[in-house]
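Engineer: Sequence:
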Amino acid sequence: MKRTIGEKINDLRKQKNMTQDELAEKMGVSSQAVSKWEKDLSIPDLPVLIELADFFHISLDDLVRERKDIVEFVPAEQRKNINEMFLRVNVQTVKGDKVKINLPLAFVKIAADMKIEIPQFNGSDILKALDLDMIITLIESGMMGKIVEVESSEGDIVEVTAE
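Position 90, counted from 1, in the sequence shown is what our numbering calls 90; the numbers after and before it change by one each time, with no gaps.
You may find that some hints are simply not true.
Pairs of lysine to aspartate or glutamate residues, derived as DMTMM-like cross-links and limited to a Cα-Cα distance of at most 25 Å, are as follows [what the hints assert, rightly or not]:
1. K14 - D54
2. K80 - D133
3. K95 - E7
4. K100 - E77
5. K36 - E25
Computed Cβ-Cβ distance ranges for the label pairs, DEER-style [as the list claims (entries may be wrong)]:
6. V94 - P47: 25 to 35 Å
7. I43 - K16: 11 to 21 Å
8. D11 - V99: 31 to 41 Å
9. F86 - Q32: 42 to 52 Å
10. K98 - S153: 11 to 21 Å
11. N81 - F55: 32 to 42 Å
What the hints contain is simulated information worked out from the structure, not anything from laboratory work. For each residue, glycine too, the CB sits at the ideal point set by N, CA and C.
Please put together the full structure from these sequences, using the hints given.
Structural biologist: Structural data, given as structure tokens:
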């Protein structure tokens, strides 16, 4: 389901437990402007969109475009070599932390085979809980795109994508 810019601004504002007035003050606009954005009656000017993306710690692209979250099966004859693929892990915490990990899939496979902890996953229980063997098996079977999306009980979000 496609989400509008207004819906995204509304969701991001609420995630930060902010009122429309508080967001308006941060952006240097009126609360009516924020209300219009969230109701999709208008959209922010480009400089304000950039400021919003920076404020919410997301890319401008994530704010204005709908991400391709499609999981697809790729037939064996069309699959990329595992050495040319990446495992992308995105984490958004309720504290506002945003972590993006991009690892060559060949490295992840070797680490999983040897039961070596991936340093980038240290310090995060939710990342340590990822079943890398299962993820690699899915990828080798032809699954591409967003393979895993988890929202913890605390509200942290983890997405694992194979590209």
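Engineer: Would you mind marking each hint as holding or not holding in the structure?
Structural biologist: The hints, checked one at a time:
A hinted pair counts as satisfied when its Cα atoms are at most 25 Å apart, and K14 with D54 qualifies at roughly 16 Å. This hinted pair checks out: K80 and D133 have alpha carbons roughly 19 Å apart, not beyond 25 Å. For the hint pairing K95 with E7, the CA-to-CA distance comes to about 21 Å; that is within 25 Å, so the pair holds. Restraint check for K100 and E77: the C-alpha separation of about 30 Å exceeds 25 Å, so the hint is violated.
For the proposed pair K36 and E25, the alpha carbon gap of about 15 Å is at most 25 Å, so the pair holds. For V94 and P47, the hinted distance range of 25 to 35 Å is satisfied, since their beta carbons lie about 28 Å from each other. Between I43 and K16, the C-beta spacing of about 20 Å keeps the proposed range 11 to 21 Å intact. Restraint check, D11 to V99: a C-beta distance of roughly 20 Å breaks the suggested window 31 to 41 Å.
For the pair F86 and Q32, the beta carbons lie near 43 Å from each other, so the given range of 42 to 52 Å is met. Judged by the Cβ atoms, the range 11 to 21 Å given for K98 and S153 holds: they are separated by roughly 19 Å. One distance hint, 32 to 42 Å for the beta-carbon pair N81 and F55, holds here, with the actual separation near 40 Å.
Going through the hint list in order, the structure does not satisfy hints 4, 8.
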